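Residues per chain are reported as follows:
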Amino acid sequence: MNGVHDLGGEHGMGPIQYEKDEPVFHAAWEGRIYAMNRVMGAWRKWNLDASRHQIELLPPADYFRMTYYERWVESLTQRIVKGGLATRAEIESGNAAPGSPKATPPVTTANVATALIRVSARRPVAMSPRFQVGQHVRARNINPIGHTRLPRYARAKSGTIDRDHGVFLFPDTNAHYLGEKPQHVYSVRFSARELWGDQAKPQDAVYIDMWDDYLEPA
Amino acid sequence: MIDPRGVLREFGLALADDVEVRVWDSTAELRYLVLPERPAGSEQLSEEALAALITRDAMIGVAKVAFPQKGARL
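Keeping their order, the protein sequence lines are chains B and F. The opening residue of the first sequence carries number 0 in numbering that gives the first Met the number 0; numbering runs sequentially from there. The opening residue of the second sequence carries number 0 in numbering that gives the first Met the number 0; numbering runs sequentially from there.
Excised from the complex, chain B in its bound form:
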């Protein structure tokens, strides 16, 4: 979707707020939310791409007002409710409703390491790549209302295949549980001038990971 999360090339966001000796978390609750998000994933009610899409669906004004982990709280809450793990009333009160079912198997200290293993997005599928290293390609000009990893700033721009990363599941379908649609992912080199015009230095470039479906021959 064309949302405010897709910030590449935007102006007016202010300078980098450089923090010396930046801590991993700025408050204890952020670490708790990080942990809860990982643990709740163990029940496989959603996947990583669906989680990302849930954050994209935040209303733009809320998105900019919230801090990074405040977005996680809202996104996690919505996924928990959608996934049927708890109701919003239960989350807000902190108590399970009487008679509500418990998710099984429970995540305990004994199985937490297994529960937290991240599933790779790489797929061992043998398929020939549509594009070869060195080939000129163009990013398709698509504007899907669902999840996509194709940045707006790269659409309809031309580049060169720099390397072939192999076969991965396709987030655009996986985020909506429409199948994994495995396909090649390439690193594509776009010259900075192709993307941003003459203000960019002629030798600079942006390398973007692109799924096969995002590309067409140039």
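To be clear, the hints were calculated from the coordinates, so they are not data collected in a lab. Since the structure is predicted, the reported quantities are computational estimates derived from the model, not experimental observations. Note that beta-carbon positions come from the ideal geometry of N, C-alpha and C, so glycine has one too. Some hints could be false.
What the hints assert, rightly or not - Below are the PhoX-like pairs computed for lysine-lysine, each with C-alpha atoms no more than 25 angstroms apart in a straight line:
| # | chain 1 | residue 1 | chain 2 | residue 2 |
| --- | --- | --- | --- | --- |
| 1 | F | K63 | B | K81 |
| 2 | B | K19 | F | K63 |
| 3 | B | K180 | B | K81 |
As the list claims (entries may be wrong) - A short, non-exhaustive set of chain F residues, derived as facing chain B with CB atoms under 8 angstroms:
| # | residue |
| --- | --- |
| 4 | V6 |
| 5 | E9 |
| 6 | R21 |
| 7 | W23 |
| 8 | S25 |
| 9 | A27 |
| 10 | E36 |
| 11 | L44 |
| 12 | E47 |
| 13 | I53 |
| 14 | F66 |
Here the structure of chain B is known, so what remains is to put chain F in place on it, guided by the hints.
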């Protein structure tokens, strides 16, 4: 994306005009490891001594690794 040299300046790193800047937009489930450039004059250093020069900022690609000159106070 649009002004990587400006962002690096905000981190305190000014790059010469003839340096080639490559921005990697990690849109897929692939992550890139920054390998800091070995500072001139450090050729004789051991692995441990080199590791001691590394900073967080060098590992995220927003700072160069500084090599203390002879006689500098550490």
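Cross-check of the supplied hints:
no. : hint           : result
1   : F:K63 - B:K81  : 46 angstroms, violated
2   : B:K19 - F:K63  : 16 angstroms, holds
3   : B:K180 - B:K81 : 24 angstroms, holds
4   : V6             : 6 angstroms, holds
5   : E9             : 4 angstroms, holds
6   : R21            : 5 angstroms, holds
7   : W23            : 5 angstroms, holds
8   : S25            : 6 angstroms, holds
9   : A27            : 4 angstroms, holds
10  : E36            : 17 angstroms, violated
11  : L44            : 25 angstroms, violated
12  : E47            : 23 angstroms, violated
13  : I53            : 15 angstroms, violated
14  : F66            : 21 angstroms, violated
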